Amino acid sequence: MVLMVLSILTVVTILFFLFRLVPGGPMAAIMSPRMSPEAQQRVIEEFGLNEPLWKQYLLYMQNVLQLDFGQSFYYGDSVTGIIADRFISTMSLMLTAFLISYTIGVYLGAQLGWLRGTTRERAGMLAVLLIRSTPVFWTGMIVLYLFAFQLNLFPLGGMRSVTANYSGQFDKLLHPDFLYHLALPVFTLCTYYTGLPLLLMRNNLLEILSEDYIDTARAKGLSDRRILFHHAARNAILPVVTAFAIAIGFAVGGQVLIETVFSWPGLGREMVKASLRSDYPVAQGAFTLLSVIVITMNFVADLAYTYLDPRVRLGGT
Amino acid sequence: MSEETARQVAQPRETKQGWRRFFQNLRRSAREQARIFVKSKMAVAGLAIIVFYIVVALVAPYVAPYAPYERIYAADGTWAKLQPPTAAHPLGTTEAAHDVLSQLLLGARIAMFVGLLGAFMVAVIGTTMGVIAGYYGGWVDELVMRLVDILYGLPFIPFVIVLVTVLGASVWNIILGIALLYWLSTARVIRSEVLTVRERPYVEAAEAAGASDFRIMAVHILPNVIPLAALYAAIAVGYSIVAQASIAFLGFGDPTIPSWGVMLQRAFVTQAFGTAWWWVFPPGLSITLVVTGAYLVGRGYEEVVNPQLQEK
Numbered sequence: 001m002v003l004m005v006l007s008i009l010t011v012v013t014i015l016f017f018l019f020r021l022v023p024g025g026p027m028a029a030i031m032s033p034r035m036s037p038e039a040q041q042r043v044i045e046e047f048g049l050n051e052p053l054w055k056q057y058l059l060y061m062q063n064v065l066q067l068d069f070g071q072s073f074y075y076g077d078s079v080t081g082i083i084a085d086r087f088i089s090t091m092s093l094m095l096t097a098f099l100i101s102y103t104i105g106v107y108l109g110a111q112l113g114w115l116r117g118t119t120r121e122r123a124g125m126l127a128v129l130l131i132r133s134t135p136v137f138w139t140g141m142i143v144l145y146l147f148a149f150q151l152n153l154f155p156l157g158g159m160r161s162v163t164a165n166y167s168g169q170f171d172k173l174l175h176p177d178f179l180y181h182l183a184l185p186v187f188t189l190c191t192y193y194t195g196l197p198l199l200l201m202r203n204n205l206l207e208i209l210s211e212d213y214i215d216t217a218r219a220k221g222l223s224d225r226r227i228l229f230h231h232a233a234r235n236a237i238l239p240v241v242t243a244f245a246i247a248i249g250f251a252v253g254g255q256v257l258i259e260t261v262f263s264w265p266g267l268g269r270e271m272v273k274a275s276l277r278s279d280y281p282v283a284q285g286a287f288t289l290l291s292v293i294v295i296t297m298n299f300v301a302d303l304a305y306t307y308l309d310p311r312v313r314l315g316g317t
Numbered sequence: 001m002s003e004e005t006a007r008q009v010a011q012p013r014e015t016k017q018g019w020r021r022f023f024q025n026l027r028r029s030a031r032e033q034a035r036i037f038v039k040s041k042m043a044v045a046g047l048a049i050i051v052f053y054i055v056v057a058l059v060a061p062y063v064a065p066y067a068p069y070e071r072i073y074a075a076d077g078t079w080a081k082l083q084p085p086t087a088a089h090p091l092g093t094t095e096a097a098h099d100v101l102s103q104l105l106l107g108a109r110i111a112m113f114v115g116l117l118g119a120f121m122v123a124v125i126g127t128t129m130g131v132i133a134g135y136y137g138g139w140v141d142e143l144v145m146r147l148v149d150i151l152y153g154l155p156f157i158p159f160v161i162v163l164v165t166v167l168g169a170s171v172w173n174i175i176l177g178i179a180l181l182y183w184l185s186t187a188r189v190i191r192s193e194v195l196t197v198r199e200r201p202y203v204e205a206a207e208a209a210g211a212s213d214f215r216i217m218a219v220h221i222l223p224n225v226i227p228l229a230a231l232y233a234a235i236a237v238g239y240s241i242v243a244q245a246s247i248a249f250l251g252f253g254d255p256t257i258p259s260w261g262v263m264l265q266r267a268f269v270t271q272a273f274g275t276a277w278w279w280v281f282p283p284g285l286s287i288t289l290v291v292t293g294a295y296l297v298g299r300g301y302e303e304v305v306n307p308q309l310q311e312k
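If you're matching them up, the sequences are chains A and B in order. If you read the first sequence in my numbering, its first letter stands for residue 1, the second for the next number, and so on. If you read the second sequence in my numbering, its first letter stands for residue 1, the second for the next number, and so on.
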């Protein structure tokens, strides 16, 4: 818990100092050279840039702790409001994809582990390897090329059609139009996310299959299916659950790319756009939130590990 | 000192101690490992892919038929843009009437450069941190491992975007990002390996004989963890290449240097990828092939490191 708070503070600190390194200072983007020196001075004072660095830093940290990331240069609104809105889009896409790919990954991984040594297993592994090696944004482009451009089955991007209207936030997430837009990005993300749980599940299963109680189960004359799902898979699944933390770290990166490819109005795409248009407050806010997601998930994974495996107990570090 | 050197020269094969023996051992184990490695067909195939792309990267400037940003004109003097493959342009042309094949060949240079240098950085930094943390233990270990924990909280691609925004769009800044964030898992694995190695009797013997910390780490511990470091380096080749392509795709690459990521970015922002398959498939497939190749090499090498895998 302490480490989690410390990590978040470190991330915020690193960001603060990185953005002071921008050529011309963090205000360069909104101050045109044609502004009168007095006007420039006013802007500098308004943002507190005439204060010494440590004072700026304290002020900034104080604001961040109150969840205030300042005003967007581009939208003119409060950054907190903007990124909160994007956060919901990001999570709806990421969690859907995660849920599906973990289910598929665990199932296929168990099957591949069971088939160990056969030609089908080798072909399966090669397929997994190739899919895992494919850059996710390229997969997205190919998926768009096939299903949107050539077959005209799905929309090119975005999160809703212009004609769609929702009665509320919850209704929106279950609306057919939303799901229609969700299909391609979720499919692409699944190709990217499935590899990790699949490989982990397979490796764990291989280890479990050499345990004595599996031999016992065989000796009892149980069916293969029953041994696999009742005796082996249940024990192999634990490390897969806890690998969630590593997976989330990867996921956020893939998320940024996929949101860009499918014009999904999420945190990642907002961060990319904000960085390209030098809207530093938004970039900073979006990055902080992405890091908080990763750090929180790491923490949750640690907790899950302790809860699921009684042999591990929180203690020491 | 000179006496010792003289003895070594007299008996080059049977050196009992010192750096020379260290290198002899290293060479012998490398040869043994190579023998196990070539037994795996997949690993050799992976190595072949990597070698192929390295060769492409080296000869690209001499064999590429056009300059990467040379404008191709049609017979009537207009830009020959988005031409499907023909004999003159085996992979067609782009939106801006550039030859795709030339860009693809030259793109291999940056990919292999980033891949190999990134992997090297990951291996060097990860091994150094891991060996230091594992050998000294105590507060040094605590410090390094907490640093690793904290850096794990930085999502890689967003972090590189920030770096590139702040420091400028160049390949070096992407490599900086790789060097800063990709050594974490390598360091963790190397550290836990060092923890077991340093308890072995010969390390104790070296300590009792008064060997310096540096000597123990370099001569007695390092050779034991080099195979692991090499495994992680092989995997890092793929990661680095994908990272560079991803950043370039998002528009933070250096647009003046032809790279696979920049090619895909151009195809995406011009929306030409909906029709110009000849422009989109080659760079993406090349990335996939190189990453697969690096991974296969890594896995083949893993069999060398972990004899249990060979028996199965």
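Hints listed in this document are in silico derivations from the structure and should not be mistaken for laboratory results. The model shown is predicted, which means the values in this text are computed figures rather than measured ones. Honestly, I wouldn't trust all of these hints.
[To be verified] Distance ranges between label pairs, derived from CB positions:
| hint | chain 1 | residue 1 | chain 2 | residue 2 | range |
| --- | --- | --- | --- | --- | --- |
| 1 | B | PRO227 | A | SER210 | 42 to 48 Å |
| 2 | B | LEU285 | A | TYR180 | 43 to 49 Å |
| 3 | A | ALA183 | B | TYR73 | 47 to 53 Å |
| 4 | B | VAL140 | A | ARG226 | 26 to 32 Å |
| 5 | A | ARG277 | B | TYR136 | 44 to 50 Å |
| 6 | B | LEU26 | A | ALA304 | 28 to 34 Å |
| 7 | B | VAL55 | A | LEU99 | 43 to 49 Å |
| 8 | A | GLY76 | B | ARG146 | 50 to 56 Å |
For glycine and all other residues, C-beta sits at the position ideal for the given N, C-alpha and C.
Worksheet item: Has the hinted range 28 to 34 Å been met by the Cβ atoms of LEU26/B and ALA304/A?
Response: For ALA304/A against LEU26/B, whose Cβ atoms are near 43 Å apart, the range 28 to 34 Å is violated.
Worksheet item: Taking 43 to 49 Å as the hint, is the beta-carbon distance of VAL55/B and LEU99/A inside that range?
Response: Since the Cβ atoms of VAL55/B and LEU99/A sit about 44 Å apart, the hinted range of 43 to 49 Å holds.
Fill in: Cβ separation of ALA183/A and TYR73/B, checked against the hinted range 47 to 53 Å
Hint violated: Cβ distance 42 Å, outside 47 to 53 Å.
Worksheet item: Using the C-beta atoms of PRO227/B and SER210/A, is the stated range 42 to 48 Å upheld?
Response: Violated, since PRO227/B and SER210/A (Cβ atoms, about 24 Å apart) do not stay within the stated range.
Worksheet item: Taking 43 to 49 Å as the hint, is the beta-carbon distance of LEU285/B and TYR180/A inside that range?
Response: violated (30 Å)
Practice prompt. Starting from the range 44 to 50 Å, see whether the pair ARG277/A and TYR136/B falls in it by beta-carbon distance.
Written response: Check passed, 47 Å falls within 44 to 50 Å.
Worksheet entry | 26 to 32 Å as the expected CB spacing between ARG226/A and VAL140/B, which holds or is violated | Violated, since VAL140/B and ARG226/A (Cβ atoms, about 51 Å apart) do not stay within the stated range.
Worksheet item: Should the hint that GLY76/A and ARG146/B are 50 to 56 Å apart at their CB atoms be regarded as holding?
Response: violated (40 Å)
The structure fails to meet hints 1, 2, 3, 4, 6 and 8 from the earlier list, while all remaining hints are met.
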